[in-house]
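Protein chains: 2
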Amino acid sequence: MATTKVDNGVNVDALLAAREALGKAPEAAQFNWRATCKWMNGTHSRSAVQGFHGLGQEQKHKTTFTFDADHPEIFASEDKGATPVELVLVGLASCLTAGVAAVAQNRKIQLRSVEAKLEGKMDIQGILGIDSDVRNGFDDIKVTFDIDADASKKDIEALVEQSQKRSAVFDIVTNPTNVTVKVNAVNAAGGGAR
Amino acid sequence: MATTKVDNGVNVDALLAAREALGKAPEAAQFNWRATCKWMNGTHSRSAVQGFHGLGQEQKHKTTFTFDADHPEIFASEDKGATPVELVLVGLASCLTAGVAAVAQNRKIQLRSVEAKLEGKMDIQGILGIDSDVRNGFDDIKVTFDIDADASKKDIEALVEQSQKRSAVFDIVTNPTNVTVKVNAVNAAGGGAR
Numbered sequence: 001m002a003t004t005k006v007d008n009g010v011n012v013d014a015l016l017a018a019r020e021a022l023g024k025a026p027e028a029a030q031f032n033w034r035a036t037c038k039w040m041n042g043t044h045s046r047s048a049v050q051g052f053h054g055l056g057q058e059q060k061h062k063t064t065f066t067f068d069a070d071h072p073e074i075f076a077s078e079d080k081g082a083t084p085v086e087l088v089l090v091g092l093a094s095c096l097t098a099g100v101a102a103v104a105q106n107r108k109i110q111l112r113s114v115e116a117k118l119e120g121k122m123d124i125q126g127i128l129g130i131d132s133d134v135r136n137g138f139d140d141i142k143v144t145f146d147i148d149a150d151a152s153k154k155d156i157e158a159l160v161e162q163s164q165k166r167s168a169v170f171d172i173v174t175n176p177t178n179v180t181v182k183v184n185a186v187n188a189a190g191g192g193a194r
Numbered sequence: 001m002a003t004t005k006v007d008n009g010v011n012v013d014a015l016l017a018a019r020e021a022l023g024k025a026p027e028a029a030q031f032n033w034r035a036t037c038k039w040m041n042g043t044h045s046r047s048a049v050q051g052f053h054g055l056g057q058e059q060k061h062k063t064t065f066t067f068d069a070d071h072p073e074i075f076a077s078e079d080k081g082a083t084p085v086e087l088v089l090v091g092l093a094s095c096l097t098a099g100v101a102a103v104a105q106n107r108k109i110q111l112r113s114v115e116a117k118l119e120g121k122m123d124i125q126g127i128l129g130i131d132s133d134v135r136n137g138f139d140d141i142k143v144t145f146d147i148d149a150d151a152s153k154k155d156i157e158a159l160v161e162q163s164q165k166r167s168a169v170f171d172i173v174t175n176p177t178n179v180t181v182k183v184n185a186v187n188a189a190g191g192g193a194r
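Line order of the protein sequences matches chains B and R.
Note that the working numbering numbers the first sequence so that position 183 is 183, with each residue one more than the last.
Note that the working numbering numbers the second sequence so that position 194 is 194, with each residue one more than the last.
Please note that a few of the clues may not be correct.
[Said to hold, decoys possible] Estimated spans, in silico, between C-beta atoms of each pair: (1) B:121 <-> R:23: 11 to 21 Å; (2) B:23 <-> R:27: 46 to 56 Å; (3) R:23 <-> B:64: 21 to 31 Å; (4) B:154 <-> R:113: 27 to 37 Å; (5) B:74 <-> R:175: 21 to 31 Å; (6) B:17 <-> R:19: 30 to 40 Å; (7) R:121 <-> B:108: 32 to 42 Å.
[Stated by the list, open to error] Result set (DSS-like, lysine-lysine): computed pairs, CA atoms no more than 27 Å apart in a straight line: (8) B:62 <-> R:142; (9) R:117 <-> B:142; (10) B:117 <-> R:38.
[As the list claims (entries may be wrong)] Covered stretches of chain B (in silico footprint by chain R; criterion: 3 or more residues with CB under 8 Å from a CB of chain R, positions within the stretch not fixed): (11) 34 to 42; (12) 75 to 89; (13) 96 to 104; (14) 168 to 182.
Think of the hints as simulated: they come from the structure by calculation, not from any bench.
Computed from a prediction, not measured in an experiment: that's the story for all the values here.
Backbone N, C-alpha and C fix where the C-beta goes; we use that ideal spot for every residue, glycine too.
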């Protein structure tokens, strides 16, 4: 047992209380996460994240988070933001990392530093339509964690394993999710009237 | 035919030339996209995106793009960034939007505005470990596009359909991707020596 109090900045008591409460009121556990996206020019878009639904009511982040996305100059774009696939890597990295901190807190393991490097292999013959047998997305993703913590190598590995088991984005990336796309044609006149 | 030149800001000629060139040199089409992530405190992390590999050599974005991710206050976190799952929605939104612009350019359709709203349903009984039959990720994702363009409703719908067919993130979300996780225990002493 460590003699000093373990503090990774995660309020595990609150999370355990939420687990207890939501187990009794499963309708409050139904969340809706949202993003909006506005086309700027070319492959450049700006997305925003603020409102979401959960615990039975509308919720709001403290601030609106905005994200520019674009393609790099080697694709004849202006490189005004990360590429959409890099955003997915960031989502995966941050989900696993938050999980490591939460699990470490629950297991009373003091973290000193956690760093992750992610690499997603992609054959762009897929998205360019050169070869229809090549998938559009990543062939595979490699995640490498460097973790400094008051624990054995085995216990540190177990932190990451448990984080994977509870990670929303790890699930989204490794398993299929149904996506429904609806299109509203606004003012579509077909004649270039404006 | 429109009498004015269609310009959505996408250099389709360059993309078609790249398709031609990469079809003859498939090894140049092998890309590696990367992100690094550093744990800050609690569920807050900061990720960075800059280098990637493609066209047979190391490449760099013009700038380093950084992303704070966190959980909201209702999860007893400090809400210092979007949640990881919202980042995935942003990746999906921006990928489909860039595709709509590129396809429209190729089909000589002038876009006036493109806006997307995304909504991902999630039962957080999964990530909280309340019910092991509930998945951690999204139950499903709904995307709604509002598009104003010089084209018929049918042609506008076809833009989005083609964008889905070539979208890297749409593929990543709707199909499984293998993720390998490696853990290095740095300075792991197990005794709280520092």
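Okay, the hints, checked on the actual structure:
no.	hint	result
1	B:121 <-> R:23: 11 to 21 Å	19 Å, holds
2	B:23 <-> R:27: 46 to 56 Å	53 Å, holds
3	R:23 <-> B:64: 21 to 31 Å	42 Å, violated
4	B:154 <-> R:113: 27 to 37 Å	55 Å, violated
5	B:74 <-> R:175: 21 to 31 Å	26 Å, holds
6	B:17 <-> R:19: 30 to 40 Å	55 Å, violated
7	R:121 <-> B:108: 32 to 42 Å	34 Å, holds
8	B:62 <-> R:142	24 Å, holds
9	R:117 <-> B:142	30 Å, violated
10	B:117 <-> R:38	9 Å, holds
11	34 to 42	holds (count 8)
12	75 to 89	holds (count 13)
13	96 to 104	holds (count 6)
14	168 to 182	holds (count 15)
The structure is inconsistent with the numbered hints 3, 4, 6 and 9, although it conforms to all the rest.
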